[in-house]
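Trainee: Below are the chains, spelled out letter by letter.
There are 2 protein chains.
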Amino acid sequence: MPRLDDFMGHLAPALGSRRLTNGGPISADLELRLAELFRTRYVNLVSNGTVAIEIAAKALNFRRKVVTTPFTFAASVGALIWIGLDPVLVDIEEDYLTISPDAVASVLDDDDVSGILGVHVYGCPCDVDALSAISDSRRIPMLYDGAHVFDATYNGRPLVNYGDATTMSFHATKQFNTGEGGAVVTSSLEVNSRVSILKNFGIESEDSISQVGINGKMSELNAAFGLANLNALFEERSRRSAVVQIYRDVLSEHKKIRIVPQRPGTVGSSSYFAIRLPVENGFPLRDKVYLQLRDVGIYSRKYFYPLIADVEPYTQHMSQKIFDVPNARRASMEVLTLPLHGGIANEDANFIAKAVMDAIDE
Amino acid sequence: MPRLDDFMGHLAPALGSRRLTNGGPISADLELRLAELFRTRYVNLVSNGTVAIEIAAKALNFRRKVVTTPFTFAASVGALIWIGLDPVLVDIEEDYLTISPDAVASVLDDDDVSGILGVHVYGCPCDVDALSAISDSRRIPMLYDGAHVFDATYNGRPLVNYGDATTMSFHATKQFNTGEGGAVVTSSLEVNSRVSILKNFGIESEDSISQVGINGKMSELNAAFGLANLNALFEERSRRSAVVQIYRDVLSEHKKIRIVPQRPGTVGSSSYFAIRLPVENGFPLRDKVYLQLRDVGIYSRKYFYPLIADVEPYTQHMSQKIFDVPNARRASMEVLTLPLHGGIANEDANFIAKAVMDAIDE
Chain A
1 MPRLDDFMGH LAPALGSRRL TNGGPISADL ELRLAELFRT RYVNLVSNGT VAIEIAAKAL
61 NFRRKVVTTP FTFAASVGAL IWIGLDPVLV DIEEDYLTIS PDAVASVLDD DDVSGILGVH
121 VYGCPCDVDA LSAISDSRRI PMLYDGAHVF DATYNGRPLV NYGDATTMSF HATKQFNTGE
181 GGAVVTSSLE VNSRVSILKN FGIESEDSIS QVGINGKMSE LNAAFGLANL NALFEERSRR
241 SAVVQIYRDV LSEHKKIRIV PQRPGTVGSS SYFAIRLPVE NGFPLRDKVY LQLRDVGIYS
301 RKYFYPLIAD VEPYTQHMSQ KIFDVPNARR ASMEVLTLPL HGGIANEDAN FIAKAVMDAI
361 DE
Chain B
1 MPRLDDFMGH LAPALGSRRL TNGGPISADL ELRLAELFRT RYVNLVSNGT VAIEIAAKAL
61 NFRRKVVTTP FTFAASVGAL IWIGLDPVLV DIEEDYLTIS PDAVASVLDD DDVSGILGVH
121 VYGCPCDVDA LSAISDSRRI PMLYDGAHVF DATYNGRPLV NYGDATTMSF HATKQFNTGE
181 GGAVVTSSLE VNSRVSILKN FGIESEDSIS QVGINGKMSE LNAAFGLANL NALFEERSRR
241 SAVVQIYRDV LSEHKKIRIV PQRPGTVGSS SYFAIRLPVE NGFPLRDKVY LQLRDVGIYS
301 RKYFYPLIAD VEPYTQHMSQ KIFDVPNARR ASMEVLTLPL HGGIANEDAN FIAKAVMDAI
361 DE
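For the protein sequence lines, the chains are A and B, in the order given.
If you read the first sequence in my numbering, its first letter stands for residue 1, the second for the next number, and so on.
If you read the second sequence in my numbering, its first letter stands for residue 1, the second for the next number, and so on.
Worth flagging that the hints you see were computed from the coordinates, not collected in a lab.
None of the values given here were measured: they were computed from a predicted structure.
Heads up, a few of these hints could be off.
Claimed, not checked - In silico lysine to aspartate or glutamate, EDC-like type, Cα no more than 20 angstroms apart, as pairs:
id, chain 1, residue 1, chain 2, residue 2
1, B, Lys255, B, Asp111
2, A, Lys302, B, Asp207
3, A, Lys256, A, Glu362
4, A, Lys255, A, Asp111
5, B, Lys302, A, Asp111
6, B, Lys288, B, Glu362
7, A, Lys302, A, Glu334
8, B, Lys302, B, Asp358
9, B, Lys302, A, Asp207
10, A, Lys302, B, Glu204
11, A, Lys288, B, Asp207
12, A, Lys321, A, Asp111
13, B, Lys256, B, Asp95
14, B, Lys288, A, Asp111
15, B, Lys302, A, Glu206
16, B, Lys288, A, Glu206
17, A, Lys288, B, Glu362
18, A, Lys302, A, Glu94
19, A, Lys288, A, Glu204
20, B, Lys321, B, Asp111
21, A, Lys354, A, Asp295
22, A, Lys302, B, Glu206
To be verified - A few chain A residues that face chain B, going by a derived Cβ cut-off under 8 angstroms, partial list only:
id, residue
23, Ser47
24, Asn48
25, Gly179
26, Phe201
27, Ser210
28, Ile214
29, Lys217
30, Phe225
31, Ile259
32, Arg263
33, Leu307
Glycine included, each C-beta is placed from N, C-alpha and C at the ideal position.
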């Protein structure tokens with residue numbers, strides 16, 4: 001959490017000038033600070049991470065079908081359907097849980113496919129090199145949902161710099177947050193300009209409307225909170241890293257627990273801590289652990305269950321109805337994410353890790 | 001503007017509890033306060049007034065065609081197209097500039113029409129009685145865009161209580177604001193429940209996703225700002241009323257100026273001050289006045305120009321391409337809205353009114 005006086009210091013000028021939104025100086029400042037941190041060209045702030053996907057998809061001219069993964073939060077696929085697109089769900093890699101480049105390649109002969117949406121699951125990068133190769137050779141734009149990512153690097157390069165654009169979430173639960181908020185990150189001037197117009201109702205100038213747009217703007221209140229949070233980021237991250245280290249040390253000993261790995265080459269991602277627990281005799285051990293943790297007041301998450309490929313309100317909007325996604329189905333029954341935020345003390349982390357093991361062994 | 005210490009007093013508990021969004025106690029409190037003020041059953045806070053229209057349209061099961069007005073801000077029609085609906089634009093009433101009930105009735109034989117979206121332009125109510133009669137007899141849901149409305153009443157009843165739902169905007173420029181924000185107001189438990197689910201990704205419970213949804217939530221930061229603004233509302237409105245009175249007194253004398261009227265029976269709406277200036281020899285006097293005001297640092301608005309019925313990026317998404325909307329076209333060339341906010345002193349208002357007359361007479 002940021003210091004209250006730091007937040008107020010950032011916000012006070014906006015109250016004085018009565019300029020509370022519409023690309024005011026505070027959000028412009030935050031955009032610059034984040035662009036510097038990510039070593040990227042453009043960070044375009046928007047209302048939240050879901051709106052970021054809607055706007056980025058429009059900015060990249062996604063039409064009809066978009067290849068994506070079912071192993072993600074409802075928002076990624078939901079944003080596509082919300083704006084009338086038709087998601088094509090393909091399977092994920094068994095280890096890293098990110099969209100499988102082979103599976104993506106296998107569906108690209110359909111001329112209606114106009115875009116690819118990869119998701120960096122729990123902050124673990126997609127196989128960005130393989131996906132870039134496919135995207136480039138087929139000339140199909142590549143968008144990444146980086147809601148689980150902040151300033152992590154992959155092979156020395158900020159992860160948000162891969163693909164034609166990356167969407168980010170600054171939701172309250174993220175390591176960096178603006179209460180509600182998000183961004184579209186891109187190195188393309190053209191894409192960034194389109195995002196700016198799309199998030200402001202399609203208005204290009206006082207007398208000209210060049211796109212069909214919405215209100216996707218972040219208010220100065222949220223941007224000021226973001227600036228204050230940037231100043232508190234080091235502390236938030238130190239705490240998260242300590243918690244991750246404790247979880248790792250304690251839980252890696254248990255033979256039934258598989259800690260979801262990071263792709264080698266990734267540095268600085270501590271957005272989520274995800275473990276996998278086996279399905280035994282048809283019953284997911286994960287579900288048992290989830291419930292027992294809840295009974296002692298620990299709120300873990302069954303990320304991502306139910307799997308979007310099996311959620312009828314979603315699939316009824318897709319032209320394809322049956323999906324061959326065994327890795328995703330399995331992960332959906334096995335993964336549990338543990339509490340991870342800056343308010344967790346070392347003793348809490350030890351208590352949680354021990355509670356997880358007790359629940360498994362009980 | 002609210003007092004800084006009042007805002008911080010409302011926000012402090014959220015920082016303490018780390019609960020910054022997802023229907024926290026501050027937004028719940030603001031929803032109750034607003035529902036009380038509007039004498040309505042449900043006020044459901046969302047990210048902004050455009051998202052409010054998207055979500056309300058889905059909650060009311062709008063499909064395919066929706067009858068609406070071209071004489072509105074880009075957001076009303078844009079929100080419909082954004083989610084894949086097909087707006088049918090009909091003309092407005094000559095005097096009050098709101099959607100014409102006769103024009104609405106004339107297009108309802110098309111079976112694809114699934115909803116009506118009226119706009120209370122500049123806070124002037126639509127002919128809600130005639131529209132309700134049409135909506136009821138044809139069983140087509142009626143949504144109002146109340147972005148220009150706050151707690152005004154019409155024939156003694158809060159205006160937001162007409163129709164199946166009303167969307168509101170709490171954008172920074174409104175008399176009541178949350179920086180960015182909006183709401184869906186309804187007296188239907190079912191519609192309100194659907195809004196709550198749609199704005200939270202379609203998630204009904206931990207294990208159940210019952211709709212395709214998005215993130216339409218307001219953060220606790222914005223809600224706290226709203227609570228503080230409610231406390232400053234009396235002052236904001238007194239100032240606006242004084243400014244309106246000065247504009248009215250000074251400008252009603254000028255024979256070329258028509259002040260856009262309020263529908264009789266309306267009380268308490270001072271969201272906008274709109275005047276009409278004639279088109280002379282094919283040249284809109286309004287445009288000349290707009291430019292001359294700008295030259296002396298006064299920023300009036302050509303609301304609503306360009307007219308959505310003539311904006312190609314919008315009409316290309318509509319199945320109908322040519323619209324018979326003479327009243328809307330004329331208003332689009334004649335209307336100018338003058339600056340109106342709580343920061344305008346009486347002498348500023350007199351200066352602006354005089355500048356308008358000078359620009360006309362010059």
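Trainee: The structure should be examined with respect to each hint, and the outcome stated for every one.
Mentor: Taking the hints in turn, this is what the structure says about them:
1. B:Lys255 to B:Asp111: Cα-Cα ~46 angstroms, so violated.
2. A:Lys302 to B:Asp207: holds (9 angstroms)
3. A:Lys256 to A:Glu362: holds (13 angstroms)
4. A:Lys255 to A:Asp111: violated (46 angstroms)
5. B:Lys302 to A:Asp111: violated (44 angstroms)
6. B:Lys288 to B:Glu362: Cα-Cα ~10 angstroms, so holds.
7. A:Lys302 to A:Glu334: holds (8 angstroms)
8. B:Lys302 to B:Asp358: holds (18 angstroms)
9. B:Lys302 to A:Asp207: holds (9 angstroms)
10. A:Lys302 to B:Glu204: holds (15 angstroms)
11. A:Lys288 to B:Asp207: With Cα atoms ~14 angstroms apart, Lys288 of chain A and Asp207 of chain B stay inside 20 angstroms; holds.
12. A:Lys321 to A:Asp111: Roughly 19 angstroms separates the two Cα atoms, so the pair holds.
13. B:Lys256 to B:Asp95: holds (16 angstroms)
14. B:Lys288 to A:Asp111: Status violated; Cα separation ~51 angstroms.
15. B:Lys302 to A:Glu206: Within the cut-off at roughly 9 angstroms; holds.
16. B:Lys288 to A:Glu206: Holds, because 15 angstroms separates the two Cα atoms, which is no more than 20 angstroms.
17. A:Lys288 to B:Glu362: violated (80 angstroms)
18. A:Lys302 to A:Glu94: holds (18 angstroms)
19. A:Lys288 to A:Glu204: violated (54 angstroms)
20. B:Lys321 to B:Asp111: holds (19 angstroms)
21. A:Lys354 to A:Asp295: Cα-Cα ~14 angstroms, so holds.
22. A:Lys302 to B:Glu206: With a Cα-Cα distance of about 9 angstroms, the restraint between Lys302 of chain A and Glu206 of chain B holds, given a limit of 20 angstroms.
23. Ser47: holds (5 angstroms)
24. Asn48: This hint holds: Asn48 of chain A lies near chain B, its Cβ roughly 5 angstroms from the closest one there, short of 8 angstroms.
25. Gly179: holds (3 angstroms)
26. Phe201: Nearest chain B Cβ about 4 angstroms off; hint holds.
27. Ser210: holds (6 angstroms)
28. Ile214: At about 5 angstroms, which falls below the 8 angstroms cut-off, the nearest Cβ of chain B leaves the hint on Ile214 of chain A intact, so it holds.
29. Lys217: holds (6 angstroms)
30. Phe225: Because about 6 angstroms separates Phe225 of chain A from the closest Cβ in chain B, which is inside the 8 angstroms limit, the hint holds.
31. Ile259: violated (23 angstroms)
32. Arg263: violated (27 angstroms)
33. Leu307: violated (10 angstroms)
Hint compliance for this structure: hints 1, 4, 5, 14, 17, 19, 31, 32, 33 are broken, all remaining hints hold.
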